[in-house]
Amino acid sequence: MPSLTLADLQAHLGGTIRGNAGVRLDGAASLEQATTGQLGFLLHRKYLDQARASAAGALIVPESLNDPLPQACLAVANPHAAFARALALLHPEPRSAPGIHPAASVATDCVIDASARIAPGCVVETGARIGARCVIGPNCVIGADALLGEDCHLHAHVTVQHGSVIGNRVVLHPGCVIGSDGFGLAREKGPAGDRWIKVPQVGRAILGDDVEVGANTTIDRGALDDTVIEDGAKLDNLIQIAHNCRIGHHTAVAACVGIAGSTRIGAWCQIGGAAMIIGHLEIADRVTISAGTFVAKDIKEPGVYTSVQPLMRHADWLRNASRLRHLDDLARRIKTLEKQIAGKPAPT
Amino acid sequence: MPSLTLADLQAHLGGTIRGNAGVRLDGAASLEQATTGQLGFLLHRKYLDQARASAAGALIVPESLNDPLPQACLAVANPHAAFARALALLHPEPRSAPGIHPAASVATDCVIDASARIAPGCVVETGARIGARCVIGPNCVIGADALLGEDCHLHAHVTVQHGSVIGNRVVLHPGCVIGSDGFGLAREKGPAGDRWIKVPQVGRAILGDDVEVGANTTIDRGALDDTVIEDGAKLDNLIQIAHNCRIGHHTAVAACVGIAGSTRIGAWCQIGGAAMIIGHLEIADRVTISAGTFVAKDIKEPGVYTSVQPLMRHADWLRNASRLRHLDDLARRIKTLEKQIAGKPAPT
Amino acid sequence: MPSLTLADLQAHLGGTIRGNAGVRLDGAASLEQATTGQLGFLLHRKYLDQARASAAGALIVPESLNDPLPQACLAVANPHAAFARALALLHPEPRSAPGIHPAASVATDCVIDASARIAPGCVVETGARIGARCVIGPNCVIGADALLGEDCHLHAHVTVQHGSVIGNRVVLHPGCVIGSDGFGLAREKGPAGDRWIKVPQVGRAILGDDVEVGANTTIDRGALDDTVIEDGAKLDNLIQIAHNCRIGHHTAVAACVGIAGSTRIGAWCQIGGAAMIIGHLEIADRVTISAGTFVAKDIKEPGVYTSVQPLMRHADWLRNASRLRHLDDLARRIKTLEKQIAGKPAPT
Numbered sequence: 269m270p271s272l273t274l275a276d277l278q279a280h281l282g283g284t285i286r287g288n289a290g291v292r293l294d295g296a297a298s299l300e301q302a303t304t305g306q307l308g309f310l311l312h313r314k315y316l317d318q319a320r321a322s323a324a325g326a327l328i329v330p331e332s333l334n335d336p337l338p339q340a341c342l343a344v345a346n347p348h349a350a351f352a353r354a355l356a357l358l359h360p361e362p363r364s365a366p367g368i369h370p371a372a373s374v375a376t377d378c379v380i381d382a383s384a385r386i387a388p389g390c391v392v393e394t395g396a397r398i399g400a401r402c403v404i405g406p407n408c409v410i411g412a413d414a415l416l417g418e419d420c421h422l423h424a425h426v427t428v429q430h431g432s433v434i435g436n437r438v439v440l441h442p443g444c445v446i447g448s449d450g451f452g453l454a455r456e457k458g459p460a461g462d463r464w465i466k467v468p469q470v471g472r473a474i475l476g477d478d479v480e481v482g483a484n485t486t487i488d489r490g491a492l493d494d495t496v497i498e499d500g501a502k503l504d505n506l507i508q509i510a511h512n513c514r515i516g517h518h519t520a521v522a523a524c525v526g527i528a529g530s531t532r533i534g535a536w537c538q539i540g541g542a543a544m545i546i547g548h549l550e551i552a553d554r555v556t557i558s559a560g561t562f563v564a565k566d567i568k569e570p571g572v573y574t575s576v577q578p579l580m581r582h583a584d585w586l587r588n589a590s591r592l593r594h595l596d597d598l599a600r601r602i603k604t605l606e607k608q609i610a611g612k613p614a615p616t
Numbered sequence: 269m270p271s272l273t274l275a276d277l278q279a280h281l282g283g284t285i286r287g288n289a290g291v292r293l294d295g296a297a298s299l300e301q302a303t304t305g306q307l308g309f310l311l312h313r314k315y316l317d318q319a320r321a322s323a324a325g326a327l328i329v330p331e332s333l334n335d336p337l338p339q340a341c342l343a344v345a346n347p348h349a350a351f352a353r354a355l356a357l358l359h360p361e362p363r364s365a366p367g368i369h370p371a372a373s374v375a376t377d378c379v380i381d382a383s384a385r386i387a388p389g390c391v392v393e394t395g396a397r398i399g400a401r402c403v404i405g406p407n408c409v410i411g412a413d414a415l416l417g418e419d420c421h422l423h424a425h426v427t428v429q430h431g432s433v434i435g436n437r438v439v440l441h442p443g444c445v446i447g448s449d450g451f452g453l454a455r456e457k458g459p460a461g462d463r464w465i466k467v468p469q470v471g472r473a474i475l476g477d478d479v480e481v482g483a484n485t486t487i488d489r490g491a492l493d494d495t496v497i498e499d500g501a502k503l504d505n506l507i508q509i510a511h512n513c514r515i516g517h518h519t520a521v522a523a524c525v526g527i528a529g530s531t532r533i534g535a536w537c538q539i540g541g542a543a544m545i546i547g548h549l550e551i552a553d554r555v556t557i558s559a560g561t562f563v564a565k566d567i568k569e570p571g572v573y574t575s576v577q578p579l580m581r582h583a584d585w586l587r588n589a590s591r592l593r594h595l596d597d598l599a600r601r602i603k604t605l606e607k608q609i610a611g612k613p614a615p616t
Numbered sequence: 269m270p271s272l273t274l275a276d277l278q279a280h281l282g283g284t285i286r287g288n289a290g291v292r293l294d295g296a297a298s299l300e301q302a303t304t305g306q307l308g309f310l311l312h313r314k315y316l317d318q319a320r321a322s323a324a325g326a327l328i329v330p331e332s333l334n335d336p337l338p339q340a341c342l343a344v345a346n347p348h349a350a351f352a353r354a355l356a357l358l359h360p361e362p363r364s365a366p367g368i369h370p371a372a373s374v375a376t377d378c379v380i381d382a383s384a385r386i387a388p389g390c391v392v393e394t395g396a397r398i399g400a401r402c403v404i405g406p407n408c409v410i411g412a413d414a415l416l417g418e419d420c421h422l423h424a425h426v427t428v429q430h431g432s433v434i435g436n437r438v439v440l441h442p443g444c445v446i447g448s449d450g451f452g453l454a455r456e457k458g459p460a461g462d463r464w465i466k467v468p469q470v471g472r473a474i475l476g477d478d479v480e481v482g483a484n485t486t487i488d489r490g491a492l493d494d495t496v497i498e499d500g501a502k503l504d505n506l507i508q509i510a511h512n513c514r515i516g517h518h519t520a521v522a523a524c525v526g527i528a529g530s531t532r533i534g535a536w537c538q539i540g541g542a543a544m545i546i547g548h549l550e551i552a553d554r555v556t557i558s559a560g561t562f563v564a565k566d567i568k569e570p571g572v573y574t575s576v577q578p579l580m581r582h583a584d585w586l587r588n589a590s591r592l593r594h595l596d597d598l599a600r601r602i603k604t605l606e607k608q609i610a611g612k613p614a615p616t
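Residue numbers (our numbering), protein chains in the order written: chain A, 269 to 616; chain B, 269 to 616; chain C, 269 to 616.
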């Protein structure tokens with residue numbers, strides 16, 4: 269790992285140094301775990317006590333923070349972003365040597381930039397194109413005629429199906445699948461009764477620039493038109509994006525979310541973990557869906573939307589849940605009571 | 269892509285041509301995206317305006333539709349199925365050359381039909397058998413003694429564990445896992461306190477003919493008996509099928525569904541996305557489970573079943589959800605009120 | 269498969285034989301499927317009729333069971349654990365020959381015990397260490413500087429990302445991903461508007477001894493500190509464990525569960541399938557979360573906790589669910605009625 273002074277970090281990140289600009293740092297850690305050679309960070313005053321107790325050699329802090337701290341500090345307008353950049357400087361990703369590893373299988377007509385890295389076990393099929401400085405990790409499969417831009421990083425075991433279009437600076441985590449067939453079935457009478465026949469999925473999966481896709485997430489290709497993940501959208505692990513969805517730019521989707529076919533989600537949305545969104549919906553820009561929420565209708569206004577059950581001790585849940593089956597009946601009985609009361613003289 | 273006339277399509281699909289039978293088509297697209305050389309389709313009168321505005325060169329329409337359309341039309345009894353078949357004609361899957369790629373690792377005692385294709389990076393273990401015209405995509409792993417029928421298509425990164433039995437015309441999408449161990453644990457006192465010991469999973473996963481399994485879906489082998497997916501069942505992405513489940517023929521399961529151990533689901537069921545079904549249940553034939561629904565008891569009658577919370581603005585949810593913890597109390601208070609009212613003379 | 273007498277099993281498992289100790293067994297099966305050469309088991313008296321009707325050659329039964337049975341029996345204190353051990357004896361895993369398959373790609377500076385097995389298609393990156401008797405299945409990827417203990421079994425297509433630390437006797441099922449990046453984003457103003465920048469994930473994923481991880485499950489590395497799965501924890505398929513989680517020793521997590529970042533779960537917990545737990549929570553030891561439950565607050569006491577909706581016919585659900593949006597209003601109306609009634613003379 270590199271060794272940098274706080275002044276070196278300031279040269280990259282801007283901000284104001286308070287204290288010893290020459291303190292040497294060779295890594296970053298949490299306030300609790302940091303040692304004297306490490307950088308920590310403080311996002312909020314509520315962590316002041318932890319910061320004071322921390323052995324970190326230096327801290328990134330908000331410029332609005334005026335409280336004295338024992339460590340050298342770099343005060344910046346956006347400490348979260350500055351710390352992210354400091355981490356990238358202190359823990360740089362190892363550079364892979366460019367070139368196609370001899371244990372990769374690459375079709376002869378692929379166009380692979382000389383600065384790209386194709387790791388062992390990769391299979392790159394006919395007509396695929398891979399841009400400058402891409403790193404394709406071990407055992408990835410790039411299908412026929414797939415197109416990858418520049419500076420993409422595919423981790424191990426990624427599948428990019430035929431004809432997919434991937435922008436620049438896209439990060440695909442292990443086991444994710446881009447461009448798999450959507451779930452398209454037509455019902456038909458056959459000689460031995462009804463049966464499903466497969467509707468061929470001939471659209472593409474298109475990922476914009478700066479998209480990130482988590483481990484084992486699946487993004488289906490379009491049925492006829494394309495599935496589109498716009499620039500800067502970020503998807504966590506184990507997410508399902510069905511055919512013909514469109515995810516707006518800079519929308520962030522947490523893990524275990526499912527989005528059914530042809531749903532369009534706006535820009536700068538935040539979809540909480542395990543939320544489930546049915547098909548053919550329109551979700552406006554800047555909508556936040558709470559974790560665990562089930563969305564079955566369009567959302568036309570920005571805001572926070574929720575539909576989860578509160579947690580209870582199981583015995584309490586048993587008592588309460590059975591009432592849910594009779595909620596309509598309860599509501600009618602209240603109405604009857606109100607009518608009965610209203611028919612009487614007012615209480616004295 | 270092939271170029272076909274509408275008359276060529278009629279020769280394969282049946283139906284009646286209205287308009288120019290000689291219009292040439294070299295692909296298919298949605299009504300919005302289609303160009304003059306492309307085929308579109310119309311399932312329902314409600315899309316008539318879109319159809320009239322479409323640049324598509326020809327349309328597949330229901331034979332019951334009598335409205336005039338500017339395009340040449342092929343009128344058929346089942347337009348969805350006809351369009352699926354037309355897509356397969358206009359967008360045929362590229363044929364892979366048969367044979368075992370030199371970058372595959374195949375145990376010497378496997379029986380692989382000469383017409384099958386084994387892509388680079390595949391590992392086929394001892395005793396496996398692969399039938400005629402199968403296409404095994406890049407980096408698949410076929411375990412010892414696994415048996416694949418004819419005309420199967422395994423996409424990239426599929427795992428078929430040892431001893432699994434796969435029928436004919438089965439399609440397995442990238443990253444799916446067939447025959448992984450079920451979650452079987454026995455608790456035991458050890459020298460240093462209690463511990464879990466693994467219950468070996470010695471059953472098989474058996475997939476019938478015409479089964480389709482989505483990307484990154486997992487189907488566990490049986491614990492003692494087998495896990496069975498019957499003929500024509502269709503599974504979408506990121507589904508979990510636990511040990512000893514049986515999924516009935518032609519049942520369709522949407523993405524993100526989990527089905528716990530030993531549950532048996534009937535034929536022609538439709539399980540909505542993200543539904544969760546606990547173990548040891550029996551679900552009858554022709555049951556529809558709504559998306560997001562939690563099933564914790566047997567379902568003995570066909571029909572539609574649901575258990576989801578309606579979406580609310582978060583502020584409304586906060587007000588309402590806290591009442592759920594006291595629903596039983598509310599019901600009791602209604603009963604008390606009813607008794608109090610009943611004890612009085614009827615309103616006049 | 270080996271052939272053992274009931275006396276042979278007793279020698280390994282202890283217990284008392286009732287009936288013919290010499291009965292030969294060459295496998296195990298369920299009561300319904302077992303044939304005369306197979307062992308069955310009976311956990312509870314309620315299966316007595318099935319046991320009597322079973323063709324099994326011998327049974328493992330609880331020592332507390334005194335009912336006569338037609339089969340030879342081995343009576344033990346813990347029949348579930350004894351049957352698990354008997355299965356391992358009757359269905360032993362095939363031993364893989366040690367050594368690195370020539371179709372694996374192993375960096376020259378890896379330290380791989382001579383008794384370990386590296387299957388074809390594996391990629392082991394620089395600095396990785398793999399302990400004695402490990403079996404690394406086909407097409408696995410072991411990242412740089414990852415450390416595996418002894419007697420681990422990685423099935424096909426497992427990804428262990430760089431720097432991960434895996435204990436002894438760990439079992440990783442196909443497609444699982446250990447040590448992928450967590451979902452860390454910082455928002456920043458860029459020249460063309462706001463954007464997300466990636467927060468580098470520099471912690472590790474650490475798995476203790478005897479951990480089991482199911483197919484296509486994902487365990488993210490820590491952001492700064494580590495993600496930790498303690499000794500003896502068992503994870504089923506398609507689970508998401510986010511960055512900086514800690515899962516306590518011997519906790520069992522069923523399939524399709526999501527646990528968001530920095531949540532700490534105690535020891536000997538049982539998390540039901542498809543439960544979802546938000547981030548930054550503390551769950552005490554010996555907590556049971558019901559299947560499908562959403563957890564959004566700390567749980568400080570052992571016990572069973574639940575938050576699911578009961579299943580209804582769809583028509584009933586429609587009537588009841590709309591009332592949920594007005595539950596707060598219903599509760600207020602009950603209170604009003606109570607006040608009105610209280611203002612009157614008590615019923616006579």
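There's no promise every hint is true.
In this list, chains with the same sequence are indistinguishable; a pair is considered to hold if it fits within one copy or across any two.
Stated by the list, open to error - Straight-line Cα separation of at most 20 Å, SDA-like style, residue types lysine to any residue; simulated pairs:
#, residue 1, residue 2
1, Lys466, Gln538
2, Lys603, Ser364
3, Lys603, Arg591
4, Lys466, His348
5, Lys603, Pro270
6, Lys314, Ile368
7, Lys568, Thr394
8, Lys568, Pro578
9, Lys568, Leu579
10, Lys466, Glu418
11, Lys603, Arg593
12, Lys457, Thr273
13, Lys607, Asp597
14, Lys457, His517
15, Lys314, Ala345
16, Lys457, Ala583
17, Lys565, Leu272
18, Lys466, Val403
19, Lys314, Gly395
20, Lys568, Asp584
21, Lys457, Glu331
22, Lys565, Ala535
23, Lys457, His594
24, Lys314, Asp494
25, Lys603, Tyr315
26, Lys314, His548
27, Lys314, Gly295
28, Lys565, Val433
None of these hints come from the bench; they were simulated from the model.
Status of each hint after checking the structure:
1. When the C-alpha separation of Lys466 and Gln538 is checked against a cutoff of 20 Å, the pair qualifies only between copies, where the shortest distance is 16 Å, while the shortest distance within a copy is 34 Å.
2. Taking the closest pair of Cα atoms, Lys603 and Ser364 never come within 20 Å of each other, the shortest separation being 72 Å inside a single copy and 69 Å across copies.
3. For the homomeric pair Lys603 and Arg591, the shortest alpha-carbon distances inside one copy (17 Å) and between copies (13 Å) are both at most 20 Å.
4. Taking the shortest alpha-carbon separations for Lys466 and His348, only the inter-copy value of 10 Å comes in at or below 20 Å, while the best intra-copy value is 48 Å.
5. For the homomeric pair Lys603 and Pro270, neither the shortest alpha-carbon distance inside one copy (72 Å) nor that between copies (67 Å) is at most 20 Å.
6. When the C-alpha separation of Lys314 and Ile368 is checked against a cutoff of 20 Å, the pair qualifies neither within a copy, at 50 Å, nor between copies, at 53 Å.
7. In this homomeric assembly, Lys568 and Thr394 never come within 20 Å of each other (Cα to Cα): the closest approach is 44 Å inside a single copy and 51 Å across copies.
8. With identical chains, the CA atoms of Lys568 and Pro578 are at most 20 Å apart between copies only, with a shortest distance of 16 Å across copies and 26 Å within one.
9. In the homo-oligomer, the alpha carbons of Lys568 and Leu579 lie at most 20 Å apart only across protomers (13 Å), although the nearest pairing inside one protomer, at 29 Å, exceeds that limit.
10. Taking CA atoms no more than 20 Å apart as the test, Lys466 paired with Glu418 passes between copies only; the shortest distance there is 17 Å, against 35 Å inside one copy.
11. For the identical chains of this complex, Lys603 and Arg593 are neighbours both inside a copy (18 Å) and across copies (16 Å), given an alpha-carbon limit of 20 Å.
12. For the identical chains of this complex, Lys457 and Thr273 are neighbours neither inside a copy (73 Å) nor across copies (26 Å), given an alpha-carbon limit of 20 Å.
13. Proximity of Lys607 and Asp597 under a CA criterion of 20 Å is satisfied in both settings, with 15 Å inside one chain copy and 16 Å between copies.
14. In this assembly of identical chains, Lys457 and His517 lie within 20 Å of each other by CA distance solely across copies; the values are 15 Å between and 43 Å within a copy.
15. In this assembly of identical chains, the alpha carbons of Lys314 and Ala345 lie at most 20 Å apart only when taken from the same copy (18 Å versus 54 Å across copies).
16. Taking CA atoms no more than 20 Å apart as the test, Lys457 paired with Ala583 passes in neither setting, with 49 Å inside one copy and 30 Å between copies.
17. In the homo-oligomer, the alpha carbons of Lys565 and Leu272 never lie at most 20 Å apart, since the shortest distance is 52 Å inside one protomer and 41 Å across protomers.
18. Taking the closest pair of Cα atoms, Lys466 and Val403 come within 20 Å of each other only across two copies (17 Å); inside a single copy the shortest separation is 35 Å, beyond that limit.
19. Taking the shortest alpha-carbon separations for Lys314 and Gly395, neither the intra-copy value of 55 Å nor the inter-copy value of 41 Å comes in at or below 20 Å.
20. In this homomeric assembly, Lys568 and Asp584 come within 20 Å of each other (Cα to Cα) only across copies, at 17 Å, whereas the closest approach inside a single copy is 36 Å.
21. In this assembly of identical chains, the alpha carbons of Lys457 and Glu331 lie at most 20 Å apart only when taken from different copies (16 Å versus 70 Å within one copy).
22. Proximity of Lys565 to Ala535 under the C-alpha cut-off of 20 Å is restricted to the intra-copy arrangement: shortest distance 18 Å within a copy versus 29 Å between copies.
23. Taking the shortest Cα distances, Lys457 and His594 never come within 20 Å of each other, neither inside one copy (41 Å) nor across copies (46 Å).
24. For the identical chains of this complex, Lys314 and Asp494 are neighbours neither inside a copy (46 Å) nor across copies (23 Å), given an alpha-carbon limit of 20 Å.
25. For the identical chains of this complex, Lys603 and Tyr315 are neighbours neither inside a copy (52 Å) nor across copies (43 Å), given an alpha-carbon limit of 20 Å.
26. In the homo-oligomer, the alpha carbons of Lys314 and His548 lie at most 20 Å apart only across protomers (15 Å), although the nearest pairing inside one protomer, at 43 Å, exceeds that limit.
27. Proximity of Lys314 and Gly295 under a CA criterion of 20 Å is satisfied in neither setting, with 24 Å inside one chain copy and 61 Å between copies.
28. For a Cα distance limit of 20 Å, the shortest separation of Lys565 from Val433 qualifies neither inside one copy, at 30 Å, nor across copies, at 41 Å.
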